[in-house]
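**Q** Make the complex out of the two chains shown on their own, each in a separate frame, by following the hints.
Protein sequences, first through last, are from chains A and B. Counting in numbering that gives the first Met the number 0, the first sequence runs from 0 upward without gaps. Counting in numbering that gives the first Met the number 0, the second sequence runs from 0 upward without gaps.
No lab work stands behind these hints, which were simulated from the structure alone. Careful, some of the hints might be misleading.
Reference excerpt, derived from the structure (chain B facing chain A, CB under 7 Å, subset only) [said to hold, decoys possible]:
| hint | residue |
| --- | --- |
| 1 | 95 |
| 2 | 192 |
| 3 | 253 |
| 4 | 259 |
| 5 | 349 |
Keep in mind that this is a model prediction, so the values were computed, not measured. C-beta atoms are modelled at their ideal positions from N, C-alpha and C, and glycine is treated no differently.
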Amino acid sequence: MTAHGTTPHQPIFAGDVLAKLEALYPKYPDKRSVLLPALWLVQEARGWVSDDAVREVAERLDLTPSYVRGVLTFYTMYHKHPVGRHFIQVCTTSPCGMCGAEDVARTLVEHSGCGDLGATSPDGRFTVIEVECLGACGFPTPILIDDDFIESVTPERVPELLARYP
Amino acid sequence: MGYPHPIHPRETPVLSQHFGQAAARTYTGWVERGGYQALRKAIGMAPDDIIAEVKASGLRGRGGAGFPTGLKWSFMPKDDGKPHYLCCNADESEPGTFKDREVMRWTPHALIEGCAIAQLAIRADVTYIYIRGEFTEPYHVMQRALAEAYAEGVLGANALGSGKRIDMVIHRGAGAYICGEETAMMNSIEGRRGNPRIKPPFPAVAGLFGQPTTINNVETLAAVPAIINRGAAWYAGLSLSSPKSTGTKLISVCGHVQRPGTYEITLGFPMKDLIYDLCGGMRPGRTLKAVIPGGSSVPIMTPDEVEACPTDYEGIVAHGSMLGSGGMIVMDDSTDLVYQIMRLARFYAHESCAQCTNCREGTAWTTRILERMLAGEGKQSDLDLLLDLSDQMTGKTICVLSDSCAAPVVSGIHKFRADFDACLSRVRPAVMAGV
Ligand SMILES: Cc1cc2nc3c(=O)[nH]c(=O)nc-3n(C[C@H](O)[C@H](O)[C@H](O)COP(=O)(O)O)c2cc1C
Ligand code: SF4
Ligand code: FES
Numbered sequence: 000m001t002a003h004g005t006t007p008h009q010p011i012f013a014g015d016v017l018a019k020l021e022a023l024y025p026k027y028p029d030k031r032s033v034l035l036p037a038l039w040l041v042q043e044a045r046g047w048v049s050d051d052a053v054r055e056v057a058e059r060l061d062l063t064p065s066y067v068r069g070v071l072t073f074y075t076m077y078h079k080h081p082v083g084r085h086f087i088q089v090c091t092t093s094p095c096g097m098c099g100a101e102d103v104a105r106t107l108v109e110h111s112g113c114g115d116l117g118a119t120s121p122d123g124r125f126t127v128i129e130v131e132c133l134g135a136c137g138f139p140t141p142i143l144i145d146d147d148f149i150e151s152v153t154p155e156r157v158p159e160l161l162a163r164y165p
Numbered sequence: 000m001g002y003p004h005p006i007h008p009r010e011t012p013v014l015s016q017h018f019g020q021a022a023a024r025t026y027t028g029w030v031e032r033g034g035y036q037a038l039r040k041a042i043g044m045a046p047d048d049i050i051a052e053v054k055a056s057g058l059r060g061r062g063g064a065g066f067p068t069g070l071k072w073s074f075m076p077k078d079d080g081k082p083h084y085l086c087c088n089a090d091e092s093e094p095g096t097f098k099d100r101e102v103m104r105w106t107p108h109a110l111i112e113g114c115a116i117a118q119l120a121i122r123a124d125v126t127y128i129y130i131r132g133e134f135t136e137p138y139h140v141m142q143r144a145l146a147e148a149y150a151e152g153v154l155g156a157n158a159l160g161s162g163k164r165i166d167m168v169i170h171r172g173a174g175a176y177i178c179g180e181e182t183a184m185m186n187s188i189e190g191r192r193g194n195p196r197i198k199p200p201f202p203a204v205a206g207l208f209g210q211p212t213t214i215n216n217v218e219t220l221a222a223v224p225a226i227i228n229r230g231a232a233w234y235a236g237l238s239l240s241s242p243k244s245t246g247t248k249l250i251s252v253c254g255h256v257q258r259p260g261t262y263e264i265t266l267g268f269p270m271k272d273l274i275y276d277l278c279g280g281m282r283p284g285r286t287l288k289a290v291i292p293g294g295s296s297v298p299i300m301t302p303d304e305v306e307a308c309p310t311d312y313e314g315i316v317a318h319g320s321m322l323g324s325g326g327m328i329v330m331d332d333s334t335d336l337v338y339q340i341m342r343l344a345r346f347y348a349h350e351s352c353a354q355c356t357n358c359r360e361g362t363a364w365t366t367r368i369l370e371r372m373l374a375g376e377g378k379q380s381d382l383d384l385l386l387d388l389s390d391q392m393t394g395k396t397i398c399v400l401s402d403s404c405a406a407p408v409v410s411g412i413h414k415f416r417a418d419f420d421a422c423l424s425r426v427r428p429a430v431m432a433g434v
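Next up, chain B with everything else stripped away, as it sits in the complex (with noise of 0.2 Å):
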């Protein structure tokens, strides 16, 4: 469902088939809609079968980097005798993207689902479910949702009466970016300020609480209820273009759209027809500047590039950006690309922890950089200048958050030109008189 539109004859709902149903919330009406049967034929299979329909199927994570969800699940140790865990990442803060929290407002049950069938395959007993703080009202449908999972007995010691401890934990986040990325999000559960660690040891190893952890988007998990139920080549049959981006994705659109809102297409849907046909194309006498499709930490595309552009992972690769989370940004042609870039640089500057020298000042200096260019203080050199602090900032961090801020200013700044040139040649006449 294009939520909140109808769902859109050229969309293919399975995640987002029974968004805007408050029935669909419920225990007994997610029941009614085939809820839980999935978990139940997950209880009577082999963890590793469990691991090996979920990697035929294709599925990759949903939360930006699309990782093999099936080869992550197997880098998990196998009897180590350990406590093992999953954390579920609903940490949704990347600006573009806002998909997450309708599968946990309509679908929680399906989460809950997603999770649980998970836990088995990793063999972890417990789930912490990671809600940015500024989602109160998933938090309050995902609290409903799992007090009635535990009253019917789906969760619990004795899970659906398998014999087995299938237990989940709703954390609240507290306001903080950094806390998505899965290390940072392992600090923030055990209690500490949410400072990304530096890998090795990667979270199969050693995660949350020093444990076996792996680390799931919302979407991600929520697939693979489906994936059980209906099988692998079903899954991996759902396909416009590349054999290795299978299934749905739900992609959420904002910015000059007519209809903003989350949509769920097949991988390899044209971007073009997303954004004309599906949210029906720019506001009247309107054209298409430009596009951020997979949340902010992603290239900017051009007109051209979204031309003949499959979504989905290879294809966005191929066209100058990245697939990311599926938040797509949508600029028509009143934007100002170094505006906007620099509200972007500032986003990351306040949300850097600050601990990687080049992500702290590298920020910090590439939005003092775009606002004086702003304000008309700019200098030719400065583009040169933010393009070298911008590969300062990147492969050089312990985590990408640096790298995602250089992403909109190397190709903003190669890509849109324009924009910039205007801006420096709109210099103050003080400054002009001054030099």
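Bound-form chain A, shown alone (with noise of 0.2 Å):
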């Protein structure tokens, strides 16, 4: 990003991206519902899914930017915004959050610097967000750090949990 301006986008749909992309087409039988997985592809490829990211994907897939923007939102889990290098997940819907999920995800927020959820802490390190189930409420507290899902998480382990990521 420059003051002036940003700078000119990077296609995203190049080299293995593009094979993985075009990989999906005859799984289906049209291009539409490649979105989702395109989608995906582009959260895996830079992390979030930007405007020009949008643009980029209704092209290939014959679709108008709006339509693709009106999908993406309808999704918690795609990403509109940057996050942090690793974000986390923690649920705290009633099977878990009877167990002590809530003071794991307090304990989440204090250790990772975030301040808030939904905050990414200021060294760019993690974002903490609250999530209703997460499939797996015999083994409270689970959580998600990027595609790591863990169980069974206490306000002990937290420290150790996040040392693992720099």
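**A** Structure below.
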């Protein structure tokens, strides 16, 4: 980013990522159905889905940017803004909540330096958010750090877990 | 297996017998355990005979509604010349439910085999397996198993040399509970927002991509290979109670029990024994206060209702709730029901797709009123207001998410009135002064 305007958009769908996109087409009868997997590819490659990415996806799939944005915003797991280097999701729905999940969430926010749920730590290392049921209610508290699904997290385990994600 | 605990002698491990065994995840390991024999057998059967077998087994949907599986399959048209689709519902997002996850993590080939047999029965070339985005491990395990099944020639344009096409695609969700609703799932696969569709048309007429479609839950499909292998009569004979509740059911138990986990019982198994024997009962010094037996969308049960309740479709209805998904939430006497019900209402408010007014407004207002009560600013009339709201939210919307939010509220107010009264009497002094 320069002081006057933005750097030009570097295409996401090139090389490997383009090959992955093209491998998806035969799996569906139309291009629109490739939208969710295409957005996953974008997020994998760039960490979030920017306006430029929305335009690029739209162009690839013969959709309009506003259509893509409409779908994008329905799904909570796509990041519409940049997030920390490590993205932490902690379940606080009832079954986990009654087994101490709120203490785990609080400890994660404190130790990560995020200060608040949804905020990114000043060093850009972590973002912590609260999410609804992660489908692992018998192992309170489950959390996701990036793609790592970690069960039975207690406040005591938090510092050691965070240390694994530099 | 009461995963992660060893199999309890009173369990009936059919689906769960290989949980916890890493080797069962591989193609070779699965074949060593008798895998893919049922598919070979089904390839030699007429589609209608597969459907007849599943009908005779009494298998009912394990995703929540309990609809007879064979009957659902029989709704699919025959010889219509259209492409047919199977959707496998692996969205598992109902609070308290974590059993499909174990099926996918430990026995991915059981699910692939079940999907393949269902495809033969409903004459579908393709299955879309819709896995919720947060299930990173099950997603990778399933991807690996699917790649193996293709490499071994089990799947593909000429599945097991049968001349039949059996293809499967894993479609990853991206965080939306509502996509577990069958028509929302179809929209999500089609690259749309996950809004449920108005029915009719029903999926068997016009579903995914506008074509005849059947949707089944992971556990339902994973139960099919055993039925084909061992016969409908064997499966139908597995019941401790009603002839309408046959087979085994995975029950995932969470909350305040000593050994939470996924247990497999024969339907009709006493709920009390499930909680006290299999799960080890309450923590020391605690007593049972409430049970939500079938995922958060069903009414809450009292200990009295649990006492003589058989764990099956009819039995739980007779004792004040529903079997639902089999996600059981157990609460002990340390629990404030008002707070837990508020948390559930907040869940539904967060997950409402917002296209129906009664659901969008109702879930949000229910949450707000409960939050207000918990903040010490409640009024006695709030209880009537909540009941009235719940009434407006039941049976009046496109899907039943709205009804699901009302279920714990209504049952909570009726059965756990003392918690609400205690909450209302904790009025903040400042507010008192203001009256
Ligand atoms: C709001 C809502 C969420 C649902 N979530 C799920 C789910 O996560 N998994 C599931 O199998 N069924 C879910 N269902 C039920 C499905 O719509 C459908 O009935 C089921 O997948 C059919 O499969 P079965 O007949 O094998 O049970 C949900 C229904 C509603 C209304
Ligand atoms: S009931 Fe709620 S979740 Fe279901 S379609 Fe209506 S608004 Fe959407
Ligand atoms: S409630 Fe936390 S994982 Fe289900």
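**Q** State for each hint whether it applies.
**A** Quick rundown of the hints versus the structure:
1. 95: At about 5 Å, which falls below the 7 Å cut-off, the nearest Cβ of chain A leaves the hint on residue 95/B intact, so it holds.
2. 192: 4 Å, holds
3. 253: Residue 253/B check passes; min Cβ-Cβ to chain A is 4 Å, inside 7 Å.
4. 259: With a minimum Cβ separation of about 4 Å from chain A (threshold 7 Å), the hint on residue 259/B holds.
5. 349: Since chain A brings a Cβ to about 6 Å from residue 349/B, closer than 7 Å, the hint holds.
Taken one by one, the earlier hints all hold for this structure without exception.
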